[in-house]
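Protein chains in written order, with the working numbering: chain A, 1 to 111; chain B, 1001 to 1116.
One thing to keep in mind: the hints can contain errors.
[To be verified] Distance condition first, Cα-Cα at most 20 angstroms in a straight line; then the derived EDC-like pairs of lysine to aspartate or glutamate:
1) B/K1041 with B/E1087
2) A/K70 with A/D7
3) A/K67 with A/E3
4) B/K1041 with A/E15
5) B/K1064 with B/E1052
6) B/K1102 with A/E45
7) B/K1041 with A/D83
8) A/K42 with B/D1088
9) B/K1041 with A/E57
10) B/K1041 with A/E5
11) A/K42 with B/E1052
12) B/K1041 with A/E45
13) B/K1055 with B/D1065
[Said to hold, decoys possible] Computed list of chain A residues with no C-beta within reach of chain B, every gap over 12 angstroms:
14) V4
15) P14
16) G16
17) P103
[Said to hold, decoys possible] Ranges of calculated distance between the beta carbons of each label pair, as one might list FRET restraints:
18) B/K1041 with A/I18: 35 to 45 angstroms
19) B/G1053 with A/S69: 38 to 48 angstroms
20) A/S20 with B/D1065: 43 to 53 angstroms
21) B/T1057 with A/S26: 40 to 50 angstroms
22) B/G1016 with A/S52: 27 to 37 angstroms
23) B/A1002 with A/S20: 23 to 33 angstroms
24) B/S1018 with A/A29: 18 to 28 angstroms
25) A/G9 with B/L1068: 45 to 55 angstroms
26) A/R41 with B/K1064: 43 to 53 angstroms
27) A/N55 with B/C1013: 46 to 56 angstroms
28) A/Q80 with B/T1057: 37 to 47 angstroms
29) B/A1101 with A/Q80: 41 to 51 angstroms
30) B/Q1042 with A/S53: 44 to 54 angstroms
It should be emphasised that the hints constitute simulated quantities derived from the structure, not laboratory data. Yeah, the Cβ is synthetic: ideal placement off N, Cα and C, and Gly gets one too.
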Amino acid sequence: QKEVEQDPGPLSVPEGAIVSLNCTYSNSAFQYFMWYRQYSRKGPELLMYTYSSGNKEDGRFTAQVDKSSKYISLFIRDSQPSDSATYLCAMSLNYGQNFVFGPGTRLSVLP
Amino acid sequence: GAVVSQHPSRVICKSGTSVKIECRSLDFQATTMFWYRQFPKQSLMLMATSNEGSKATYEQGVEKDKFLINHASLTLSTLTVTSAHPEDSSFYICSASPQGAKNIQYFGAGTRLSVL
């Protein structure tokens, strides 16, 4: 079993839809959780950062962490064509160390 | 804020030559910088972690004599691919963690290396 699993997609949705992106992980010791967005041939861009369980909202983006289920989610409301990218989840055990990235989910938002 | 500049963005070289890639944190000091390799449609593969003023820590399977990393200052790390071969062709990405926020990585735009 891989340490972090993520459906690679591609996931295609119409403009304005609510998008749900998810990652599952096997190591219950992960404490810090991040979502990155990567456009084609570019470096990843940090979208959301959360510590432990709970929800965090930033504009159209909401990150959820359920440590009991070892499951994290990123919701995108009112999706736009500009949201079309690959979304990577990432997590770490200790502060500043042992980062693990998911394989990424390719999202296409169709106008 | 939190901008990481990576240069060059694209490089094409002949087999056997060495290529240097620079990673700079423009508006923050980075105690730690990371170097990743990414194959098409795959996730980031950590190659090494470098801390300013000390030797880099390489991941298992990464040849440290082939991928030389120097982190001479709090704003600059370099990756040199020595004696490059076609199988080294890939997308290389650096990231940097601010001193006051070590758990966040800010990424450069990446370097696409093509070895002929």
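Hint by hint, here is what the structure shows:
1. B/K1041 with B/E1087: holds, 17 angstroms
2. A/K70 with A/D7: holds, 15 angstroms
3. A/K67 with A/E3: holds, 14 angstroms
4. B/K1041 with A/E15: violated, 24 angstroms
5. B/K1064 with B/E1052: holds, 17 angstroms
6. B/K1102 with A/E45: holds, 16 angstroms
7. B/K1041 with A/D83: holds, 17 angstroms
8. A/K42 with B/D1088: Distance of about 19 angstroms is within 20 angstroms: holds.
9. B/K1041 with A/E57: Given that 20 angstroms is the threshold and the Cα spacing comes to 28 angstroms, the pair is violated.
10. B/K1041 with A/E5: Answer holds: B/K1041 to A/E5 is near 15 angstroms, not above 20 angstroms.
11. A/K42 with B/E1052: Since the Cα atoms of A/K42 and B/E1052 sit roughly 25 angstroms apart, the hinted pair is violated (cutoff 20 angstroms).
12. B/K1041 with A/E45: holds, 17 angstroms
13. B/K1055 with B/D1065: holds, 12 angstroms
14. V4: violated, 9 angstroms
15. P14: Holds, since 24 angstroms exceeds 12 angstroms.
16. G16: Nearest chain B Cβ is 27 angstroms from A/G16, so the label holds.
17. P103: violated, 4 angstroms
18. B/K1041 with A/I18: 35 to 45 angstroms: The hinted range 35 to 45 angstroms is violated for B/K1041 and A/I18, with Cβ atoms some 25 angstroms apart.
19. B/G1053 with A/S69: 38 to 48 angstroms: holds, 42 angstroms
20. A/S20 with B/D1065: 43 to 53 angstroms: holds, 45 angstroms
21. B/T1057 with A/S26: 40 to 50 angstroms: violated, 23 angstroms
22. B/G1016 with A/S52: 27 to 37 angstroms: violated, 50 angstroms
23. B/A1002 with A/S20: 23 to 33 angstroms: Holds: the Cβ-Cβ distance is about 27 angstroms, inside 23 to 33 angstroms.
24. B/S1018 with A/A29: 18 to 28 angstroms: Once the Cβ atoms are compared, 40 angstroms apart, the range 18 to 28 angstroms for A/A29 and B/S1018 is violated.
25. A/G9 with B/L1068: 45 to 55 angstroms: violated, 36 angstroms
26. A/R41 with B/K1064: 43 to 53 angstroms: Between A/R41 and B/K1064, where Cβ atoms are some 27 angstroms apart, the hint is violated.
27. A/N55 with B/C1013: 46 to 56 angstroms: At 47 angstroms between Cβs, range holds.
28. A/Q80 with B/T1057: 37 to 47 angstroms: holds, 40 angstroms
29. B/A1101 with A/Q80: 41 to 51 angstroms: With a Cβ separation near 28 angstroms, B/A1101 and A/Q80 fall outside 41 to 51 angstroms, so the hint is violated.
30. B/Q1042 with A/S53: 44 to 54 angstroms: Violated, since B/Q1042 and A/S53 (Cβ atoms, about 29 angstroms apart) do not stay within the stated range.
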